[in-house]
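Q: Build the full structure now, drawing on both the sequences and the hints.
Chains as they are written, first to last, in the numbering used here: chain A, 10 to 98; chain B, 58 to 293.
For the record, the hints were derived by calculation from the structure and aren't laboratory data. Yeah, the Cβ is synthetic: ideal placement off N, Cα and C, and Gly gets one too. Just to be clear, a hint being listed does not mean it is correct.
To be verified - Heads up, simulated SDA-like pairs for lysine to any residue below, C-alpha to C-alpha not over 20 Å straight-line:
id, chain 1, residue 1, chain 2, residue 2
1, B, K267, A, A22
2, A, K24, B, K293
3, A, K42, B, Q243
4, B, K108, A, F37
5, B, K293, B, N269
6, A, K48, B, K108
7, A, K24, B, K150
8, A, K24, B, L238
9, A, K42, B, D217
10, B, K267, B, F190
11, A, K48, B, D217
12, A, K53, B, I105
13, A, K48, B, E259
14, B, K150, B, D217
15, A, K24, B, W271
Said to hold, decoys possible - Quick list of the computed label-pair ranges, beta carbon to beta carbon:
id, chain 1, residue 1, chain 2, residue 2, range
16, B, D233, A, S46, 51 to 59 Å
17, A, M10, B, D83, 51 to 59 Å
18, B, G203, A, G39, 20 to 28 Å
19, A, A85, B, E222, 36 to 44 Å
To be verified - Pulled a few chain B residues facing chain A out of the computed Cβ check, cut under 7 Å:
id, residue
20, A235
21, M242
22, L246
23, V261
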Amino acid sequence: MKLKYRFVIRDVAGKPVAVTIGADNAAFNGMVKLNDSAKFIFEKLNTEDVSMEALVSAVMENYSIDEATAKQAVEAFVANLRANNLIEE
Amino acid sequence: MPKVKIADFIIDIHNKYRYLEKQCADYIYDGDEPADFTVSVTQEEMDIEAKEYDVEFHPALLESTCAYRQIATELPQRDALLMHGATFAIDGKGIIFIARSGVGKSTHTMLWQKLYGDKLTIVNGDKPIIRFFDGVPYAYGTPWAGKEKLQNNMRVQLTDICILERGLENSTVKVDPADYLDQIMQQVLRPADPLTALKSLELVDALSKKCNFWNIKCNISDEAAITSHDAIFNIK
Numbered sequence: 010m011k012l013k014y015r016f017v018i019r020d021v022a023g024k025p026v027a028v029t030i031g032a033d034n035a036a037f038n039g040m041v042k043l044n045d046s047a048k049f050i051f052e053k054l055n056t057e058d059v060s061m062e063a064l065v066s067a068v069m070e071n072y073s074i075d076e077a078t079a080k081q082a083v084e085a086f087v088a089n090l091r092a093n094n095l096i097e098e
Numbered sequence: 058m059p060k061v062k063i064a065d066f067i068i069d070i071h072n073k074y075r076y077l078e079k080q081c082a083d084y085i086y087d088g089d090e091p092a093d094f095t096v097s098v099t100q101e102e103m104d105i106e107a108k109e110y111d112v113e114f115h116p117a118l119l120e121s122t123c124a125y126r127q128i129a130t131e132l133p134q135r136d137a138l139l140m141h142g143a144t145f146a147i148d149g150k151g152i153i154f155i156a157r158s159g160v161g162k163s164t165h166t167m168l169w170q171k172l173y174g175d176k177l178t179i180v181n182g183d184k185p186i187i188r189f190f191d192g193v194p195y196a197y198g199t200p201w202a203g204k205e206k207l208q209n210n211m212r213v214q215l216t217d218i219c220i221l222e223r224g225l226e227n228s229t230v231k232v233d234p235a236d237y238l239d240q241i242m243q244q245v246l247r248p249a250d251p252l253t254a255l256k257s258l259e260l261v262d263a264l265s266k267k268c269n270f271w272n273i274k275c276n277i278s279d280e281a282a283i284t285s286h287d288a289i290f291n292i293k
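A: Here's what the structure looks like:
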């Protein structure tokens with residue numbers, strides 16, 4: 010899966026935010042506010058087509074956490090992105 | 058038309074309609090410096106712009122709107138950005154009121170004008186350019202200033218960014234811009250090009266560090282303006 014639109018991501022006022030670029034500005038006229046772990050997952054989805062498993066592994070490695078915790082975090086965030094129609098399967 | 062100098066940028070506008078020249082009358086540049094950039098609106102851009110509206114606009118107005126968008130797109134890479142808001146200078150401060158459409162930005166500005174008009178100068182009533190010099194933001198008047206066309210060819214250091222909301226009671230509270238990013242970002246043009254978009258976010262981040270941010274809840278009474286004025290100027 011990957012993100013439906015192309016974004017640029019940067020910290021603004023101490024918080025990571027993502028905004029669309031190019032023609033996607035018309036399709037998604039919004040802004041995605043992220044926290045640090047969400048930013049890590051979002052950046053992965055913004056640059057490559059990744060599986061849920063690969064995302065969980067990347068989060069485990071980056072944050073040195075166990076699989077169950079990583080899976081919970083990834084699934085919750087991806088569900089949130091899906092609910093906002095931001096994921097392309 | 059002759060070159061113009063807007064926000065201390067020299068701009069060469071290749072216009073088709075006289076309206077743009079008339080609109081930019083306060084900003085004509087008669088020096089010899091070369092232009093920082095050129096603006097030229099295509100028919101295709103005007104056709105796309107025309108589809109944005111339910112009513113039909115004269116092509117001269119469409120050309121003007123497209124020209125300002127082109128200017129706005131050139132700004133971030135030059136440490137400047139266009140912000141939608143009513144901007145004025147008063148007692149050494151540069152203040153911008155930003156709000157969702159229909160909240161009453163103009164009304165609140167008019168109340169300030171009514172009460173503090175002798176010391177208040179409108180910089181731009183609708184769409185000023187904010188330009189950074191050595192990390193310090195300045196708000197500039199421009200020829201594009203909304204329906205009321207309130208603007209002056211001047212600049213003021215931007216010190217205070219006020220997010221307006223309607224309220225039954227009047228209150229003005231100093232806030233963390235991180236909690237109002239949605240409202241702030243909505244008032245900044247979204248560039249399509251990735252590098253320009255990133256630069257634009259960088260400039261908003263710089264504003265978040267350099268300005269005071271206020272949340273103004275206001276009704277349409279004089280008291281609304283007195284409340285926000287006294288909070289911003291720390292008058293007890």
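Q: So, for every hint listed, does it hold in this structure?
A: Now the hints, each set against the structure:
1. At roughly 11 Å between alpha-carbon atoms, B/K267 and A/A22 fall within 20 Å of each other, so this suggested pair holds.
2. Restraint check for A/K24 and B/K293: the C-alpha separation of about 33 Å exceeds 20 Å, so the hint is violated.
3. Restraint check for A/K42 and B/Q243: satisfied, since their Cα atoms lie roughly 13 Å apart, inside the 20 Å limit.
4. With a C-alpha separation of about 18 Å, the suggested pairing of B/K108 with A/F37 holds against the 20 Å cut-off.
5. With a CA separation close to 18 Å, the supplied pair B/K293 and B/N269 stays within the 20 Å bound.
6. For a cut-off of 20 Å, the pair hint linking A/K48 to B/K108 is broken: about 36 Å separates their Cα positions.
7. Only pairs whose Cα atoms come within 20 Å are accepted, and A/K24 paired with B/K150 is rejected, the gap being roughly 27 Å.
8. Taking the CA atoms of A/K24 and B/L238, the gap is near 9 Å; set against the 20 Å cutoff, the hint holds.
9. Restraint check for A/K42 and B/D217: not satisfied, since their Cα atoms lie roughly 24 Å apart, outside the 20 Å limit.
10. Using a Cα cut-off of 20 Å, the hinted pair B/K267 and B/F190 holds, with the two alpha carbons roughly 12 Å apart.
11. Distance check on the hinted pair: A/K48 and B/D217 sit about 30 Å apart at the alpha-carbon level, beyond 20 Å; violated.
12. At most 20 Å may separate the alpha-carbon atoms for a hinted pair to count; A/K53 and B/I105 exceed this at roughly 34 Å.
13. Our distance criterion of 20 Å between C-alpha atoms is met by A/K48 and B/E259, whose separation comes to about 17 Å.
14. At most 20 Å may separate the alpha-carbon atoms for a hinted pair to count; B/K150 and B/D217 meet this at roughly 7 Å.
15. Distance restraint check for A/K24 and B/W271: the Cα-Cα separation of roughly 18 Å lies within the 20 Å cut-off, and the hinted pair is therefore satisfied.
16. Against the hinted window of 51 to 59 Å, the Cβ-Cβ separation of B/D233 and A/S46 comes to about 21 Å, which falls outside the hint.
17. For A/M10 and B/D83, the hinted distance range of 51 to 59 Å is satisfied, since their beta carbons lie about 53 Å from each other.
18. Separated by about 24 Å at the C-beta atoms, B/G203 and A/G39 satisfy the suggested range of 20 to 28 Å.
19. With their beta carbons about 31 Å apart, A/A85 and B/E222 fall outside the hinted range of 36 to 44 Å.
20. The interface hint given for B/A235 holds, since its Cβ lies 4 Å from the closest Cβ of chain A, which is under the 7 Å cut-off.
21. The interface hint given for B/M242 is met, as the beta carbon of that residue sits about 5 Å from the closest beta carbon of chain A, less than 7 Å.
22. The interface hint given for B/L246 is broken, as the beta carbon of that residue sits about 10 Å from the closest beta carbon of chain A, more than 7 Å.
23. The interface hint given for B/V261 holds, since its Cβ lies 5 Å from the closest Cβ of chain A, which is under the 7 Å cut-off.
This entry does not satisfy hints 2, 6, 7, 9, 11, 12, 16, 19 and 22, going by the numbered hints stated previously.
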